[in-house]
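Modelling step: build the complete structure from the supplied sequences, incorporating the hints.
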Amino acid sequence: MPLWQIYHPAGTFEDKTSKKAFAEDITKMYTTLGLPAFYVVVNFFKMDGGDIYVGGQTRTATDKPFVRVIVTHIAIHLPDDDSVYLCTTSRIDKIVKPHLLDKGYDFEYHVDETERRLWKINSLIPPRHKSAEERIWVDKNRAVPYDGAYPPAVAPQSSI
Amino acid sequence: MPLWQIYHPAGTFEDKTSKKAFAEDITKMYTTLGLPAFYVVVNFFKMDGGDIYVGGQTRTATDKPFVRVIVTHIAIHLPDDDSVYLCTTSRIDKIVKPHLLDKGYDFEYHVDETERRLWKINSLIPPRHKSAEERIWVDKNRAVPYDGAYPPAVAPQSSI
Amino acid sequence: MPLWQIYHPAGTFEDKTSKKAFAEDITKMYTTLGLPAFYVVVNFFKMDGGDIYVGGQTRTATDKPFVRVIVTHIAIHLPDDDSVYLCTTSRIDKIVKPHLLDKGYDFEYHVDETERRLWKINSLIPPRHKSAEERIWVDKNRAVPYDGAYPPAVAPQSSI
Numbered sequence: 001m002p003l004w005q006i007y008h009p010a011g012t013f014e015d016k017t018s019k020k021a022f023a024e025d026i027t028k029m030y031t032t033l034g035l036p037a038f039y040v041v042v043n044f045f046k047m048d049g050g051d052i053y054v055g056g057q058t059r060t061a062t063d064k065p066f067v068r069v070i071v072t073h074i075a076i077h078l079p080d081d082d083s084v085y086l087c088t089t090s091r092i093d094k095i096v097k098p099h100l101l102d103k104g105y106d107f108e109y110h111v112d113e114t115e116r117r118l119w120k121i122n123s124l125i126p127p128r129h130k131s132a133e134e135r136i137w138v139d140k141n142r143a144v145p146y147d148g149a150y151p152p153a154v155a156p157q158s159s160i
Numbered sequence: 001m002p003l004w005q006i007y008h009p010a011g012t013f014e015d016k017t018s019k020k021a022f023a024e025d026i027t028k029m030y031t032t033l034g035l036p037a038f039y040v041v042v043n044f045f046k047m048d049g050g051d052i053y054v055g056g057q058t059r060t061a062t063d064k065p066f067v068r069v070i071v072t073h074i075a076i077h078l079p080d081d082d083s084v085y086l087c088t089t090s091r092i093d094k095i096v097k098p099h100l101l102d103k104g105y106d107f108e109y110h111v112d113e114t115e116r117r118l119w120k121i122n123s124l125i126p127p128r129h130k131s132a133e134e135r136i137w138v139d140k141n142r143a144v145p146y147d148g149a150y151p152p153a154v155a156p157q158s159s160i
Numbered sequence: 001m002p003l004w005q006i007y008h009p010a011g012t013f014e015d016k017t018s019k020k021a022f023a024e025d026i027t028k029m030y031t032t033l034g035l036p037a038f039y040v041v042v043n044f045f046k047m048d049g050g051d052i053y054v055g056g057q058t059r060t061a062t063d064k065p066f067v068r069v070i071v072t073h074i075a076i077h078l079p080d081d082d083s084v085y086l087c088t089t090s091r092i093d094k095i096v097k098p099h100l101l102d103k104g105y106d107f108e109y110h111v112d113e114t115e116r117r118l119w120k121i122n123s124l125i126p127p128r129h130k131s132a133e134e135r136i137w138v139d140k141n142r143a144v145p146y147d148g149a150y151p152p153a154v155a156p157q158s159s160i
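Chains as they are written, first to last, in UniProt numbering: chain A, 1 to 160; chain B, 1 to 160; chain C, 1 to 160.
Mixed in with the good hints there might be a few duds.
[Claimed, not checked] Label-pair distances were calculated between CB atoms; the ranges are:
hint, chain 1, residue 1, chain 2, residue 2, range
1, A, Pro152, B, Glu24, 20 to 30 Å
2, B, Asn141, A, Gly49, 34 to 44 Å
3, A, Glu14, B, Glu14, 21 to 31 Å
4, C, Tyr146, A, His77, 26 to 36 Å
5, A, Asp63, C, Gly11, 26 to 36 Å
[Said to hold, decoys possible] Pairs of lysine-lysine residues, derived as DSS-like cross-links and limited to a Cα-Cα distance of at most 30 Å, are as follows:
hint, chain 1, residue 1, chain 2, residue 2
6, A, Lys130, B, Lys94
7, B, Lys28, C, Lys64
8, C, Lys103, B, Lys20
9, C, Lys103, B, Lys140
10, C, Lys46, C, Lys94
11, A, Lys46, C, Lys16
12, A, Lys16, B, Lys46
13, B, Lys20, C, Lys46
[Stated by the list, open to error] Here are some of the chain C residues that sit facing chain B, going by a computed Cβ distance under 7 Å:
hint, residue
14, Asp51
15, Ile52
16, Val54
17, Gly56
18, Arg68
19, Tyr85
20, Asp93
21, Leu101
22, His110
If you are wondering where the hints come from, they were derived from the structure by calculation, not from laboratory data. Cβ coordinates follow ideal geometry from the N, Cα and C atoms, glycine included.
Structure representation (structure tokens):
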């Protein structure tokens, strides 16, 4: 569910250790909230510095690296409330601190929220948050069929 | 319009045949609904397994490959109705079955819907769905100028 | 803030000159509106032609190249008004004209708008548009701490 796409220049996240540590911390942020670990997908995209422009400029090897992170939240949407949004970005800040901020990288992130009902894993509808079925997904750490995972689709008049 | 971004690990979709078959089935899903074939863009992104973390873990060559699909719908938005959403994901499930599920891949997809009025092809406004102009785009299978494709922009007070 | 992700086939944007010119024109579009230059991030993704399907087909070296652009707007959202949207796409058309249209490329772009309050740069909340603090960010062309950049997060009952 949470999908983290990390676009980083060559010279950053070159070794498995740094990627794994980051991905593990991201995962912890969501499992703490009760979500299954396997919901958390982190993709690293190593880019050539010449393909990254910030303010119309590329950076040299001696400049601070610039990392752009796109976070997509699907399973749980935030109520439209300043304090709730603030809490979310604070959580994210805590996660990215050792992996981006403390390393002296420049970075930017934004969170996009998309429709839960247009989301599936292995063609199963993920169970309701905090449901008994979700608990099983947490315990097994994989998508397990359950009653309600495959509701019959009734064709409405028009749709895409 | 529909943009399918398919992030797949090395070892999957390595040959043209498997990519073409998947892209063709995706395309059919939308042409069946009356949309021009060229609206359907499918991008394959082959990733190093070491750049994909699911639940904080990478997978080995003997694990199931994990494919993450992002679908963006722009041309037609869904009414906010459970049965309509269900119908859409059912269509998608049918498409991905032979290409992901039956191959034993783990996969996850979500659909994002974005604003139709912030979308252009070759700087033309795509014609209204089911209009005569759209019919021409279907027949010619490319973006063709028409009355209304280039409306004059009147600068509002402020915008981005 | 504005993030431009440009997915282009090999054979296009191969040299630094063409990428830089495009990124500079994109940047100008936003600095003209008073935003800091460094808000503008442009990422080029060179793709193998065999990984791009349009209407179920790949293109050959003699076909028109197809470039897909994803624009994400975060800092300023558009009022839901046809003329405002039209003005935005007209601005974009002006930018892409010399870099895509005049080169004879086929292209498609869409703009996605995401929540401003779920966006940070170097873990700072970007200052309000047209505020004195934003002015400083414009002048220094980097994220500078200011009062209000780190508001204390009060944990709400539940959030992600």
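Hint numbers the structure violates, sorted upward? none
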